[in-house]
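With chain Z fixed as given, assemble chain E onto it according to the hints.
Each protein sequence line maps, in turn, to chains Z and E.
Counting from 1, position 9 in the first sequence corresponds to residue 9 in the working numbering; the numbering is continuous, with no gaps.
Heads up, the working numbering is the position in the second sequence plus 1000, with the first residue counted as 1.
Hint data in this document are derived by calculation from the structure and do not stem from the laboratory.
Any given hint could be a false lead.
Each computed EDC-like pair below joins lysine to aspartate or glutamate, with the alpha-carbon atoms no more than 20 Å apart [as the list claims (entries may be wrong)]: (1) E:Lys1425 x Z:Asp101; (2) E:Lys1335 x E:Asp1079; (3) Z:Lys163 x E:Asp1212; (4) Z:Lys163 x E:Asp1267; (5) Z:Lys103 x Z:Asp158; (6) E:Lys1254 x Z:Glu154; (7) E:Lys1127 x E:Glu1336; (8) Z:Lys163 x E:Asp1215; (9) E:Lys1206 x Z:Glu154; (10) E:Lys1386 x E:Glu1396; (11) Z:Lys263 x E:Asp1091; (12) Z:Lys263 x E:Asp1267; (13) E:Lys1254 x Z:Asp190; (14) Z:Lys263 x E:Asp1215; (15) Z:Lys263 x E:Glu1439.
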Amino acid sequence: MKKTNSTFSIRTKSVLTGWSFVLLAVILIFVFYFYPMLQALILSFQTGTGSNLTFTGIDNYTRLLSDKTFIVSVKNTFIYLLIQVPLMIILALFISVLLNDSKLKFKGLFRTAIFLPCVTSLVAYSVVFKYLFAGNGLVNTMLLKLQLISAPIEWITDPFWAKITIIIAITWRWTGYNMIFYLSALQNIDHSIYEAAKIDGASASRQFFGITVPLLKPIILFTSITSTIGTLQLFDEVMNITKGGPGNATQTISQYIYNLSFKYSADFGYAATVSYSIVIMIALLSVIQFKVAGDKNG
Amino acid sequence: MKKGFALLLICLLMLTACSSNSNSGTKNTGSSGNTGKAENTATAEPAQAKEITIWAWDPAFNIAALEVAKTEYAKTNPDVKVNIVEYAQADIIQKLNTGLNSGTTKGLPNIVLIEDYRSQSFLQSYKDSFYDLSSVIKGSDFADYKAGPTSLDGKQYGIPFDSGVTGLYVRTDLLEQAGYKLADLQDIDWQKYIEIGKAVKEKTGKALITLDPNDLGLIRVMIQSAGEWYLKEDGKTPNIAGNAPLKEAFEIYKGIMESNVANVHADWSQFVAALNNGDVASVPTGNWITPSITAEASQSGKWAVAPLPKLTTNKSVHASNLGGSSWYVMNVDGKETAADFMAKTFGSNVEMYQKLLTDIGVIGTFKAAAGGEAYSQANDFFSGQKIVSDFAAWTEQIPSVNYGINTYAIEDILVVEMQNYLNGKDIDSVLNDAQAQAESQIK
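Next up, chain Z with everything else stripped away, as it sits in the complex (with noise of 0.2 Å):
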């Protein structure tokens, strides 16, 4: 009978402790992120100004499904989803298997030139992109000298060349990010794999759809669902190269919560509600990504 209890003080005195060893971590990630998250949702069942605020129960919800300005968000986003993730990763698996070729000379040169947009300013960046893509701007102005164009672009007011100049952006500021992760990945793949693949005389682009790509198959799933957490969440780029227009051509789902919360008349709720549709999308677009690739690996 002592002997029990001596056992269960010491399971208690080891559970105790461990506890100790993660209770502060524990209460910050309550404090700083569960109690947020269920604020923001409950506040997503009020409407109002400012601090007029009361409860409307899921008023805001189905004011989403008919604001015309919310749709062209969710529209804009996942145009520059559906177009820039794929384009993004296609080139960053291309450039890291280039740069991975063992031939190469100047390779440190090339990956840090490749990945240094990456540590660049958000803000920084937009504000040099904004000028570069400007009517009178470089990129017009070297398009003219080189008679690819007759008249300049209207690469910012244009609503078609405004959503173009975000996705060169961001795929300039993203693709070494992700080429990072395949050529660590590709260093993982053991060389012999390649060479006896030569010996039996398969060509380079049979290597690559052959070997490449399937082992880089996870890493290929996880750089799709960072890439496109962080395209539904964008914002940086759009704020400051177009501020959303002409229009509300290039006006992305982060924007136009910000305009809520700030541009107009401080309607959190409903911005709050906006950000709850963020996160349903990420969740669900996720649990597509890992059903479509992720099933085998699982």
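Chain E in isolation, oriented as in the chain Z frame:
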């Protein structure tokens, strides 16, 4: 097991999603992290220490005006310390919103500058957070159109500050090449303005005007000149469908675009560059543009200011407003000192207003100040034209409208509909659709 693992991963993902979401939340409210700086410069006990903190933007204009007021106030109240903190306007809006919403007054200033288009949104959203100045200043001492934005329920909350009175800045040299004189620009309507623009374009190749497709400031100017706004007089009901001046303003905007007399810019620096490079022959805008125009010394003598063109509706006058802002005292410790500071400077000091005008170029809205000497001085840059006395005269004619609390929310709807209109959508359905959208959005 597999499923369990996948579920766990999804949960984790959702958590990261949420957490990074709340991260971006902090990013938005971002600069509130800096409040510490303001708090430090602010006092611990303003009431006793007699120290007040003021937030404003634009070092060349508002901050400079505050510095003048600070010096003036120190003459009679040397024991009060005045801290002036400069933030960008967008940062002030974020800080005020987040600060007032959090329910704590710590970190808030004693006095804050708010743009007139936004003031009602703050006054109505945070009712007890602003100090009633009715006993300190008289609203009727200031330009009439400032009463709407700065008062609520019959109480005066704001000290009206700069005038956003508009004029038509023109390049007389370019006009002359096109066969027009400054005298031809008196008492014209916007159609005539476009006509002149076509001649200018033909003869000089220069654009008449520069426009930002995301900023309908010109539309705001036009409708206020006719005493109308995006909202009805109650400041709540959208006034878009059936708003004749708004319809005409849209038609004029399209006319400008289709006559090919407009230059397009995307932000403030490109806007100012267009004026200073000589790319445009005119700028219909607020008088606060004067320092930016005179900054290009090589163009001295080439500019003049004509009255604003008007709409064809009878009510429209040759005067309107664009922008402009006013001071507000927060209902926190030290409010009496803050109110006293404002009353003795911006609320009554005629002499100070002369100094503001000559040194900084601020045209205030304090009626008594307009009689001062500085207001009737000739400006060499504008070929000796007494532009300030012109502006002061126009200020008195500006029709008063209720900006309400949704100017920018409605404008974002109109910006989109304007693009549709330019692309060929029928004007009536443009305005009807905007009205419907505004009604569903404003609750």
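These are the hints, each one checked on the structure:
1. E:Lys1425 x Z:Asp101: 56 Å, violated
2. E:Lys1335 x E:Asp1079: Distance of about 16 Å is within 20 Å: holds.
3. Z:Lys163 x E:Asp1212: 17 Å, holds
4. Z:Lys163 x E:Asp1267: It holds: about 17 Å lies between the C-alpha atoms, which stays within 20 Å.
5. Z:Lys103 x Z:Asp158: Not OK: Z:Lys103 and Z:Asp158 at ~44 Å, beyond 20 Å, violated.
6. E:Lys1254 x Z:Glu154: It holds: about 18 Å lies between the C-alpha atoms, which stays within 20 Å.
7. E:Lys1127 x E:Glu1336: 18 Å, holds
8. Z:Lys163 x E:Asp1215: 19 Å, holds
9. E:Lys1206 x Z:Glu154: Given that 20 Å is the threshold and the Cα spacing comes to 19 Å, the pair holds.
10. E:Lys1386 x E:Glu1396: Holds: E:Lys1386 and E:Glu1396 sit about 16 Å apart, inside 20 Å.
11. Z:Lys263 x E:Asp1091: Given pair Z:Lys263, E:Asp1091 holds - Cα atoms ~11 Å apart, limit 20 Å.
12. Z:Lys263 x E:Asp1267: 17 Å, holds
13. E:Lys1254 x Z:Asp190: Cα-Cα ~65 Å, so violated.
14. Z:Lys263 x E:Asp1215: This hinted pair holds, its Cα atoms lying about 13 Å apart.
15. Z:Lys263 x E:Glu1439: Holds: Z:Lys263 and E:Glu1439 sit about 18 Å apart, inside 20 Å.
Checked against the numbered hints given earlier, this structure breaks hints 1, 5, 13; the rest are met.
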